[in-house]
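Protein chains in written order, with the working numbering: chain P, 1 to 418; chain H, 1001 to 1576; chain E, 2001 to 2153.
The set of hints was computed from the structure by calculation and includes no laboratory data.
There could be a bad hint or two in this list.
[As the list claims (entries may be wrong)] No more than 27 Å apart at the CA atoms, straight line, and that leaves these computed lysine-lysine pairs for DSSO-like:
#	chain 1	residue 1	chain 2	residue 2
1	H	K1485	E	K2065
2	H	K1115	P	K233
3	H	K1464	H	K1485
4	P	K70	P	K9
5	E	K2012	P	K118
6	H	K1056	P	K191
7	P	K24	P	K221
8	P	K361	H	K1084
9	P	K198	E	K2012
10	E	K2012	E	K2028
11	P	K198	H	K1056
12	P	K198	P	K184
13	H	K1157	P	K191
14	P	K145	E	K2009
15	P	K233	P	K41
16	P	K184	E	K2012
17	H	K1338	H	K1545
18	H	K1084	P	K191
19	E	K2009	P	K184
20	H	K1222	H	K1485
21	H	K1475	E	K2012
22	H	K1084	P	K370
23	H	K1545	P	K184
24	P	K191	H	K1029
25	H	K1157	H	K1516
26	P	K145	P	K41
27	P	K184	E	K2067
28	P	K184	H	K1115
29	H	K1073	P	K191
30	E	K2067	H	K1175
31	P	K184	E	K2140
32	H	K1115	P	K370
33	H	K1157	E	K2012
34	H	K1029	P	K184
35	P	K191	P	K118
36	E	K2065	H	K1175
[Stated by the list, open to error] Over the 12 Å line for every Cβ pair with chain E, so calculated as not near, a few chain H residues:
#	residue
37	L1011
38	H1173
39	A1179
40	R1467
Glycine is no exception: its CB is placed at the ideal position from the N, C-alpha and C atoms.
Each chain, letter by letter, is given below.
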Amino acid sequence: MIEMRLVSKRCGIINPLSIDDYQKADGYETFRKALARDKIKLIEEIEKSALRGRGGAGFPVHLKIMGLAKETGPVKYVICNADEGEPGNFKDRYLMENDPHAIIEGMLITAYMASATKGFIYIRGEYNHAYNTLEWAIAEARRLKLLGDAILDTEFSFDIELRSGGGSYVCGEEFALIESIEGKPGRTRVKPPFPTQKGLYGLPTLINNVETFATIPLIIKMGGKAYARIGTKSSTGTKLISLSGNVNEKGVFEIPFGVTIRQVIEELGHGVANGRKLKMVQLGGACGPIIPEYMLDMMIDFERFEEFESKTGAGAIIVIDDRFDIFDILMNVVGFFEHESCGKCTPCREGHQQLRIILQKFIDKTAGVKDLVSLESLARVMHQTSLCGLGQTSPTAIISTLRYFRDDYIDRMDSLIL
Amino acid sequence: MVNLRINNRELAVAEGSTILEAARTNNIKIPTLCHYPDLGIQSDCRICVVEIEGQKGLATSCSTIVRDGMVVKTNSPRVLNARKTITELILANHDANCTACPKNLSCELQSLANKLGIDENRFQSVLTLSPLDEGNPALIRNPNRCIKCGRCVDVCKNIQGVGVLELMGRSHHLKIVPAFDHCLSDLFCTYCGQCAAVCPVGAITEKDDTDIVWRALNHHDKHVIVQVAPAIRVSLAEEANMNPGTVCTGKIVTALKLLGFDQVFDTDFTADLTIIEEGNELIHRLTSGGVLPMMTSCCPGWINFAEQHYPEILPHISSCKSPQQMFGALAKTYYAEKMGLEPANVFVVSIMPCTAKKYEAGRKEMRANEDLPDVDVVLTTRELGKMLRQMGIDFANLAETPFDDPFGITTGAAAIFGASGGVMEAALRTVYEVVNGEPLTNLDFTDVRGLDGVKETVVKLAEKPYRFAVANNLKNARLMAEAVKAGTSPYAFIEVMCCPGGCIGGGGQPYGTITKTRLDRIKATYQVDAAMPIRKSHENPAIAKLYQEYLDRPLGEQSHNLLHTHYHARRGKPNN
Amino acid sequence: MSLESILSKFTKAETNLLEILLQYQETKTDHAITEAEVGQIAAYLGVTETKVASVISFYTLLSMKPKGRYVIQVCKNIPCFVNEQTAITRTLEKILGIHAGETTANNLFTLEYTSCLGCCDNAPAMRIDGKIYANLTPDKVKAIISEYRGRSS
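Just chain P, same shape as in the assembly (with noise of 0.2 Å):
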C-alpha cells in the first residue's frame, strides 16, 4: 500500500465537530507540550523537517515563521491560506470538513512560535460546510479556553477569525488575499515589502495552507528528523493528493513524497475509468503542467515539479482520457483564467482572450506557423511579465502541450499551409 495517512489519519475516523473526539486521538497534546517549550527550539524543529508550503509553491516553512518571529510590534498575523481554488483539488476542504481542529491547533502552534497575536481562516465562499465546520470548532476551541486571552491560563494570547472569499480564484495569491481580508477587491499589491514585513493592516503577517498547517502538529509531535526521514531529500513528508477525473477511484490520498504518478493513478485510482486509454494528466490544477502518458513515471517532488514553474505542488492529479482531445482542455483552462483575471496587469488582462482566439483557429483548423509561434511567444510572455502566480502559472498548460504535444498542434494547423 502506497498510501501514508499521518496528516489525514484521523479524517472519517473521529468527528469533526466533536472536540473531545480530537482531544482522545491526542489533539491538542502537542500544543499543550509546545507551550512549556522554546519558540526557538520549536522553529529549529520545523526546519529540521524541511516542510515545504502545502499550497503549491512550496516555499520553506520555517523561514516564513522565523520571518514573523524577527519582527517586533505588539501585532502580528497568522492567516490560514482556505481559498482553494484551484480547479481540481479538494484536499483542504477534505481536511477542515474532516479535522477541523488539527488546523486551529496548527495555527496555534506557528502563533506561538511567532508570537503572533491573531489569526484568519480565510475560507472560498464556495465552502459553505468547510466554513460551518470550522465555526463550531473554533467556538468549541473558545470555550476550552484553546483560543482567545491567556489561553490554558498561560501568558499567550491568540484568536481566529473566519473570513469567507467572495468568489475569485486570485484571492488564494497572499496580498490578493490580504486585500480581500481588508474588504477590498482581491489585487495584488507590489512586492516588496513582503508579507511577514508588511502584509494584513500593514502589519506583519504569515500566511501558510490550509495542509500546511495541518502538518505542523505533526512535525512538532514526531520531531523534524523523524518527519524528515519520510519522504524523498528535496520533498519531505507526506502529500494529500486530490485525484480527479477519469479515474475509477476519486479522492483524497494521503502519500509519501517520491511516489510515482502511474502509481497513484493506477494503485489509488484503480486506473482509467471504463476501461479507456489515457491521453493526458493536468498536475495541480488549471495552472499545472499538461503531460502525457510516458512522464507518468515521474516523481511527486518539489524538485522535479520545479521544470513546470506552476504552483504544481499543491498536488492535484486530473486524469483525463481519450475521448477529449488538449484543446478541449486548454480552451476549458484559458477560459478558467480569463475569467479569473483580475485585470490590474496588462499580459494577464488581455492575454488570455488573445490565447483563446488564437486557440480557435487550432480548434477551426485555420491556424498557420505565425499563430504557432504567437501562442508560444504570448504564452511565454505572460509566463515572464504577468504581476502575479495566475498569470505566471496560466499559461502552464500551453506551454507544456506545445513541448508534449506539439504533433496534436500541427496535426489542427490549415493543411494548404503545411
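Assemble the complex: chain P is given as a structure, and chains H and E must be docked to it using the hints.
Relative to the frame of chain P, chains H and E by itself:
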C-alpha cells in the same frame, strides 16, 4: 551606495533606488507606460520589464529595488520581445484611430509603439465600443481609448482624495469608471481635470470648445474679447515646446490678436478686484462677528467639492465670484455699456489652466443678464495651444504686446493668484495695510508659498495675531473642511486651491506636468510679481477708477449684484 | 434582516465592506444589491459609492443584477468537464428553457457557471443557493429541479 551592473556598465546608485531610477540617472532609457513621476508605483502595464541575472521571470524596473551585485539587462531580446508583445496586446484592445484623437502626437502609447518599432499587430482587435461619457461641460471620458494604467484612479483617489473613478470588474472586462457605470456628472466629480492631466492616452480629455471660439471669431456681429488667467503666462510657452517656467505674457497677447480677438484682457485685473472685495469681506467678517474662518472661492474645483461633500461649511466660503466670473460680469455690463455694445453681442472667452472653469462658466448664478452667460467659452491652456498650431503661429518668435484697456492694468498681487498661496499672499498684502494703516515692510509672505500640503502664517491685524492657512490640493482641502465643520479650525482665513501647486498645476495645463514643472512655473510666477511696478491690489489705479465710475464701493450694492454669488448643497447633477 | 440591522453588527471600518456585502446579499431573495443600498453602505462606512461598487464588481458571489429565487451554479472546470458536465448543463438549459447567465421568465431560476466547487471527487457537481449536488446525472438533475419547483408552488 549600491553597486550594480546595467547593460555591462558598472554603476553606483543611491540605496533604495529602483532599477528605473538607477537607469534614468545614468541616462539608460527604459520605456514606461503606467509610471508617472508624481504618482504611486502601479506596476500594471509591465512595459518597463528588465532581465535580472539569476531571476527566472522578468522584473518591472519601476518597482524593483536595486541590490548590490545585481546584473541587469534592459534591452535583451527577451525583454524587447516582451515589451513589444505587451504593447501589441494593449493596442489590440484600444481605439487606435490616432488621427481622430485629441492626444495625437502627445499620446504616450503612440510614442511607445513607435519607439518599439511596432508596424503590425499579431493580435486580433478585441475592442468592443462603449459609449462616451460626455454629459458634462468639462471632461470627456472615452473608455475605448482607456488602457487601464490606473493613473487617473490614483490621482483622483490618493492625491485629490475624491475617488470618483475605480477599477470595476475584472479580466478584460475591467473598466475604469464611476460607480454603476454612471457619468461623471451623476457622481461627485469636481471636474478638477487632474485625471485628464495624467492620462497617457486620450481616454479622459477636456471638452474641446475651440470650434465654438473659431465660429465666434468668424461671426461679424460678435465683439469677441478674451481674458487670460494668471497661470497661463508661465505655462503656455510649453505648448510651443519652450521650457516650463518661460514667462510669455506679451507673446500671448500678440498670439490672441493674431487669432482675431477684438480685445485681449488680463484676468489679473479682476484678480485685483477679487482681493478688494474678498479682503473687505474678510475685514467685515472679522469686525462684525461674521462666520469664520472664511475660505476662498476662486477655485471652481474646490467649490464643486465643498457643495457636494461639505454643504455644512458653505457659509464659510467667501461670496466673491472668481476672477474669471467677475471679469465676465463686468464685460457684459460695464464694458458693454462703455463700448456701446449690446451685451448679447459681446462674446467672452477665457483662457484658463483649468477644466472646472468650463463648468463654472455654465452655472446659472453666473449671469448678469438673464439667459446670457457672463463667460461664453472657457478654453484650457492646451486648447489655446491647439488653436495656435491650427493657425500656424510661430509662438516662440512672436513680438510682445501689452494687454488692452480697461482691463489691462494689473499688479503683482494678481499675478501670484496662479500659485498655491498666491491668493492668500495677495489678500494679506492688502488686508494688512488697510487694517493696520501702515505700509508692509516686506511684501513676500514666503511661508505660504511652495508645494507643501498645508501652509500657515500668522499676521497681526489691529494688534491682534490671526492665523492664516493655505490648503494645496483637495486632499488637504478635506482636512481643512473637516476642521471647519467640527468647529476646531484655528484660522481666520483659509485659501483652498484644488490642484496640486495651485492653478499653475491645473487640470488644463500642458501635458507632462510633474513636480519639477510645477516648481518652474511657480518660480516664474514670483518673478512676474517681483517685476511689476505695483504689487498690491489696493494700489491698482484702474481698480480705483472702476469703483469711481461704476461700482461705487467694495461690498456695495452694485458689487453685490455683479461680483458676489451663493452656493448650493448638491449631489452630482447641478440642481440649480 | 434589514440592511440597518446588518450594518449595526459592524464597526464603521472600511475593512468590513466585503463581509457586510456578503452577509447582506445572503438575505436578499433576488441575490443582488441595489444602487440605493450601495449608497447606504457607503454612507455608513464613510467611503465612496464607487468604492463599494468596485468591490461588488470584483467578486462573482456579489451582484447588482437581480437573479432568480434559486441560483443554480454548475461547475465546468476540468474534473467536472471530463465527467459529463456538458450533458448536465444541456439538461438544465433544456428543462429551464434558458442559457447560462439567464433567469427564467418566472424569476424562479438563474443558471450560471461557477468556479470549482471542490467536489472533483464527486463530479459533476452543481450548487443551488449554497447546497451542493454532486455525482449528477441528467435524471438526477431533473428530479432536483422539480423538487425546487414544487417548493415554490
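For each hint, the structure was consulted:
no.	hint	result
1	H:K1485 / E:K2065	violated, 38 Å
2	H:K1115 / P:K233	violated, 50 Å
3	H:K1464 / H:K1485	holds, 24 Å
4	P:K70 / P:K9	violated, 33 Å
5	E:K2012 / P:K118	holds, 20 Å
6	H:K1056 / P:K191	holds, 16 Å
7	P:K24 / P:K221	holds, 15 Å
8	P:K361 / H:K1084	holds, 22 Å
9	P:K198 / E:K2012	holds, 24 Å
10	E:K2012 / E:K2028	holds, 22 Å
11	P:K198 / H:K1056	holds, 24 Å
12	P:K198 / P:K184	holds, 17 Å
13	H:K1157 / P:K191	holds, 22 Å
14	P:K145 / E:K2009	holds, 25 Å
15	P:K233 / P:K41	holds, 23 Å
16	P:K184 / E:K2012	holds, 15 Å
17	H:K1338 / H:K1545	holds, 13 Å
18	H:K1084 / P:K191	holds, 24 Å
19	E:K2009 / P:K184	holds, 19 Å
20	H:K1222 / H:K1485	violated, 46 Å
21	H:K1475 / E:K2012	holds, 21 Å
22	H:K1084 / P:K370	holds, 16 Å
23	H:K1545 / P:K184	violated, 60 Å
24	P:K191 / H:K1029	holds, 23 Å
25	H:K1157 / H:K1516	holds, 22 Å
26	P:K145 / P:K41	holds, 25 Å
27	P:K184 / E:K2067	holds, 24 Å
28	P:K184 / H:K1115	violated, 37 Å
29	H:K1073 / P:K191	holds, 20 Å
30	E:K2067 / H:K1175	holds, 23 Å
31	P:K184 / E:K2140	violated, 39 Å
32	H:K1115 / P:K370	holds, 24 Å
33	H:K1157 / E:K2012	holds, 20 Å
34	H:K1029 / P:K184	violated, 35 Å
35	P:K191 / P:K118	holds, 23 Å
36	E:K2065 / H:K1175	holds, 17 Å
37	L1011	holds, 41 Å
38	H1173	violated, 9 Å
39	A1179	violated, 4 Å
40	R1467	holds, 28 Å
Checked against the numbered hints above, the structure breaks hints 1, 2, 4, 20, 23, 28, 31, 34, 38 and 39 and satisfies the rest.
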